[in-house]
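Based on the sequences and whatever the hints tell you, model everything.
Letter by letter, the chains look like this.
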Amino acid sequence: MEDDEDEEEEESDEDEVPFKKVTKPRTLSEASKPSASSVNSDTEYQVDDELPEGTRVVKDSAGNARYIYPEIDPRYDTDDTDVEETNTIGNIPLDKYELYPHIGYDINGERIMRPATGEALDALLEQIDLPKGWTGIIDKNTGKGLNLSREELDILKKITRNEIPEEGYDPYPDMVEYFTSKTEVMPLSSAPEPKRRFIPSKHEAKRVMKIVKAIREGRIIPNKPKEKQEEQFYDIWADNPPPRPDHIMNIPAPKLPPPTHNESYNPPAEYLPTEKEKKEWEEMEPEDRDQDYLPKKYSALRLVPGYDKNINERFERCLDLYLAPRVRRKKLNIDPESLLPKLPSPKDLRPFPTFSSHKFIGHIGKVRSVSVDPLGLWLATGGDDGTVRVWEITSGIELWQIRLGQNEAVTCVRWRPTTEFANAYIIAASVGDHVHLLVPPFFPKSQITAGMEVIQAGYGHATAGTESSAKWTKPPSTLTKQGLALTITVKAPIKHISWHRKGDYFATTSPNQANNSIYIHHLPSHKSQLPFRKTPGLPQLVEFHPIKPHLYLATQRHVRIYDLAKQNLLKVLQPGSKWISSMSIHPHGNNIIIGSYDKRLLWHDLDLSTKPYKTLRYHQRAIRSVSFHMGAKPLFATASDDGTIQIFHGQVFNDLGTNPRIVPLKILRGHKITDGLGVLEITWHDREEWLFSAGADGVVRMWQQSAEAWL
Amino acid sequence: MAKIKKRGTSGNAKNFITRTQAVRKLQISLPDFRRLCIFKGIYPREPRNKKKANKGNSAPNTFYYTKDIQYLLHEPVLQKFRDHKAFAKKLTKALGRGEYGDAKRLEENHKPVVRLDHIIKERYPSFADALRDLDDALSMLHLFANLPSNEKIQPEIISKCQKVCHEWQHFIIKTHTLRKSFLSIKGIYYQAEIQGQDILWLVPYKFAQNVPGDVDFRIMLTFVEFYTTLLGFVMYRLYTLENWVYPPKFDQKADEAGAGLAAITVEQKETGNAIHAIEAAPAGPTAAEQGAIENLPVVEVTEDMMKTTIEEKKVDEEDAEAEAGINDTKNAIDVFKPIDAANAGDVLAQPILAVREDGTVAEPEDLFKGTVFFLSRETPRDPLEFILRSFGCNSIGWDAVLGEGAFTHDPLDPRITHQVVDRPPMVALPVGPDDDTEMAGQVTARHTAGRVPGRIYVQPQYVWDCINAGKLLKTDVYAPGAMLPPHLSPWVKVDSNGYDPSAPTGLDENGDVVNDMDVDVGSDEESEAEVVKDAAEGSEEEEEEEEESEVEGAPLDAAPSKKDNKRKSELNKKDREEEEQKEMAKMMMPRKKRKLYEKMIYSNSKKDEEAKNLRKKRKELEKARK
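Residue numbers (our numbering), protein chains in the order written: chain Z, 1 to 711; chain S, 712 to 1337.
Note that these hints are calculated values from the structure, not bench results.
Fair warning: this is a prediction, and the values are worked out from it, not measured in the lab.
For each residue, glycine too, the CB sits at the ideal point set by N, CA and C.
Partial list, computed: chain Z residues near chain S (C-beta under 8 angstroms): (1) Ala269; (2) Leu301; (3) Val304; (4) Asp308; (5) Leu343.
Here it is in C-alpha cells:
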C-alpha cells in the first residue's frame, strides 16, 4: 500500500510544473525514509555507507546488483549547485524575455529566473562599495553583473596598448652574431700575394690585339651605321591558303560606292542642280548633305579644276576605317508587298454593306443615337435637337417625331428588343437625367394600347417600396397622346441605355455620377435598383449578356463581368486601352469587342484570357461605336471620329481549337467630320446585312451591299 | 536547379570592352593604341545591348571586341612600340646632354624597326582577301603620290608611293586588266579586274593639292605605311605569278626626265640563266623571235614598240637595231626609226580587231590595237598613256613638254592615226560626215588650218567613252570644239524604277508616262491601254498632252473626252479599291512588320521621286531647247 502511495506521489511530481516543486520543498531524508523502510527484506541488500543516503540496491534481470539513486532535490546544498548555470537560449536577444520572470533555460530545460535587480536604494548601495573587479557591464547570458579579475584586466589593458598580452615576452632580443665582421689579428695563411695580381694580363692583351688588328685590317668597322635595309618582300601567300572563313565577328569594311552620273565632269544637264537646289544644299549642314559636292558641268577636260576636298575625303575614310563601329545589318531585298498578310478576298465574304443607299435627313445638329426595331421595319434616332424621330427603313420617310428636350440632346435611343407581348412597340430614350418610354402613336390602335399596357402594368407596385432614388412619373395626358408614356428620373445625366433581351429590364448608365451611376429598371413593377453599392472606376456603359444572366460593366479601363443570379464578380477583362468608349457582345456570348478613344479595337475571347485576343489600330481618330451583327451574319463594324466606318468579317467557330477569324472588308466613307466628330453610333439590322450610322453631320445613313457587286 | 549565373560574366558584358579599358589593359598610350588598331585592322563594334556591354552604364562609349584586344597582348608590334619608347628616352637624354655623337649612333644603330609582314598575313590569310581590300590602299597611295612634301610628309614617302603606283600601273598595262574608267570632278576612277576581284581606285587630277590644316597626318601616314607594305607584298605576288622580276628595274635618270611609266622596266624572271625584258604588247615578238634572243644574257626591249602592219614586215631588222642601240646606251627609252614618209601618207595602219556582233571588242587589249595616238600638250598625259596602253595601243607620241618616253615627239609624224586635242578650235572646222570612212582608211590629202590630214582629231573624253562602251565610237561627236555628249558613270545600273539618262528621249517619255501613272493612279491596265493606243497612233498627241497636264498637276477632268473620263474613273475606282485592300491588309499586320513595310515603301518612293524629278527636268530642258 505504501509503495503505491509513493508511486502516486512521484507521478504527481512529474506532472507538476517545476517551480511548484521549489515552493514546497521536501528534504531528501523525508522522501527517502519511508521508501527505504518499506522495501521487502528478502529483495533488499544492505546499503553501503559510501553511497548517498536513500540509495537502493535492486537485483536486475541478470541477477547483478543495480543501484537506484534517490532523486536529486535541487537545493543550495545539492552537488549540482557548483556547476555553472549556462543559458541555452542562444542568439535570442534578452529583451524578448522582458515580460517574463525568467531569462532563459538551463541545460536541463529548467527556467533560469531573473536575478533580482536591485531597487534604486540597492543600486546606490552597490555603488557605495563596489565589489572587486566590478565593470558595470551586465552579462548577457547570466543577466548578472560581469566582474573581471585582475589578470583579465591586465590582459585587456595590454591589448588596448597593442602589446603582446603574454607575460614577459621580449619583442627585441639582442642579436646573436653568428658571423662576425671583425678581422682577425692573426691571418689563417701566411702565403705572400702572388705576382700576377700586380701585372697586366697577357691573355687580355692578346685579345685586345686581335681586335686592334681586325680594325686595322678593316674587318671590324667601329660604330658602323647599320645598312639601310630596304623592305624585303616575299611571297606571303605561297602556300595558297584558303580564304578566311566567314565569321560573325569578322566584319570587313564596306567598300565605297562607285561614283554616279552626277559626279561626272560632264554630266547630263538634268543632273545639274537648279538655283533652288543649290541654295538648299549650301544652307544644309555639311553632315546632313546627301553628297559632299555639287554636280558641275565642264565643257572640256582641260577646264576641270583640282578637287579641293580630296585629302579631307580620304581622311574621313581613314577615320571610318579605324574609328567607326561596325555592325552586321541584314538587308532585306524583298518586295514590300510580300510582307502584307494574305487575307481572303472580301468578294468571297459577301454580303456586307458597301455603299450608302439611303440618307435619313431631318435632324438639326448631331445625331447621337440610332436603333432598329425588333421587326426591322422602323428606325428610331435621337439627336442634339432634342427630338426622337422614327423613320421607315425601306422608304426613308420620317413617320413621327417627338421633342423631348428643349436644350438637351437625346443621348440614347433604344427599341425594346421584343414584341412578344401582343406587339407592344416601346422606345426608351434618354434626355438629361430622364428616361422616357415612348409608344409611337402611328401604330394601329391595338398595338398602341398593348404598349401602354406593358408600361402602365406596374403602377400598382410602384407605391409599395419607394426607397429607390429613381422616380417613375406619369406624364400629363397631352404628352401621353403624343406618345410619351412614362418618365423615369435618376440623379445624373444618362449616357447609355441597354435593354435585357426579354424586355422586362433595362439598365441606364450615367458616367458622371460617382456611385449611383448604374440603374437597373424593372418595367413590370416600376422599380429601379442600384445593383452596385459602390462602382469601381468610371463606368462607361453596361450591357446584358445575350443568353446568360450576366451583366457586362465597362469602366474607363476594364470590363467587369457580373453574375446577376449569384450576385458576384466573374471576371475582369483588361483590354489595355486608356479609355473605353463602346462595347458589343457577340450573339453567342463568348466574344466581345471593345472600342476605345485611343483608336484601338480590342477583340476579347472570353475562353482565352483576360487580355485581348487581337488589338487593331487603324482609325485615325477615336472609335465611337462598335457593333456586332446580332443576326446570323458574321459581321461587325466600328465607327470613328475620322468619319469612316470599318466593316469586318468576324467569324466565331464553335470548336475551341479554332481562333476567331477577323478580316477587314470595307472602309465606308460618307459622313462629314463636324466639330471634330465623325460617326457617333452605328447599329446593324437584326436580320439583313444593313448598317445604320448616325453622323455628327446630322445625317443618318443606311449602308447596303451594292447591287452591282452581286453581278 | 541550375546554378544561378552571375551578372556580367557572359554575353555582351563579357564580349565587349571600352576603349579606355583596352588602353589600360595593353598599357600603351592612346596614339600607340590608334596605330596598333590601324595596323591590325581592329575596329570598334556596336554591341546589340549597349547598356549591358557597359555594365549598366548608358553613357556613350566606344566598344571593342574583347578577344581582339586579348590577341593584341601578344602582338610583336606592341613590343616594338615599347622598345621605341625606351629608345626615344635614350635619344632625348643624349640630346639633352649634348652628346650628339651618341645620339647619332643610337639613331643609326638602335632604332627599332616595325615590320608588318606577319600582320599582313594575319589580316589577309589568302591572296583574294588582300585583293578585295585593295581599293582604299590604291586610292590612298595615288593621292599621296600627288602630294607636295612638307615637314609632315617626307619626300621619301611620296617617292615610295609614286614607285608603288607605277609598278601597279605597269602590271595593269601588261596584263590588260583595266576594265572601266570614269572622269569625275574628284579625279579619275579606274576599275581593274584581277583574279575575279573588282578593284576600284581614284586618282586625283595632277594639280597642287590643297593640304588642309584640320587633317591629322599621323593617322594618314600610319595608313600609308601599312598600305605600302601591303601593296609591296601584293605586287610581289602578282609579279611572280606572271614570272616577272620584282622589284622591277627603276631608272632614276629617266624618272627625273619625266619619263613617268617608262622609268620602270619590267623583266622576265630567269629561266636558265637569262633575264628577259618583257614586251609591252602581247603582240610582241613571236615564239621564234623569243627563241632567237633567248641566248642573250640581258635583252631589254623598249615598251613602246610600234606594232603596225607595215612594221611587222621589218620586225627582225628593227629588233636587232633596237637591241643594239639599247645595249649601247643602257637606256630603256625608245629608239625608233621613222619609216618611209612616202608610203606613210598613202597607207594608214589599220586596226585588225576581233569584233563581236554588237560592236564591242572581245578582248580589251584589242580595242586600240594598231592605232597610233598623239597627245597634244594640253592633254593629261599620264591617264591617257595608262589607259591607251592597257587597251592595246603601244604607240603613243606626245609633245616634248610632256616628258620623255614618247613613241614620237614629232606632231607631224605620218604614222599617227589619232590625235587627242583639248583646245578650242582657232578656226571652225567643217567636220565631214565621212570621218568614219576616213578611219576605215580612205585618206584624202586635205590640208586644213593647223590640222594634219590623214588623222582623226578627238577630245580626251573619246578615249574614256570608248573603253566604257567596249568599242570604238563614232568620232564626229568628239571632234575638237564640238559639244561633247554627257560622260556617264559606267557603274550605274539602271533598275526598273531608275532613270536612265542614256535612253533615247522618246522611249524614256513612254517610260515616264507609265511611271508617272504609277505614282498618280498607276495600274498595269493603264500601260496596256497605252500600248493599244500607241498602236492606233490616232490620238497619240492628245494623249501626250493629257499626260503632261497630269504630270504638272493639272486637274484630271479638265478637258479630255467623255470616253477617256469614264475609263479613267473606272480605273480610279479599281485603283482605289486596291489601295483600300492594301490599307486593310496593313491594319492586320503586327506593328513590327508594319514599320518595316512602311520604311520600305518610304525608301522606294524616295527613289521614285528622284527619278521623277530627273525626268521632269529633262523634259523641261528639251522643251526649252525646242
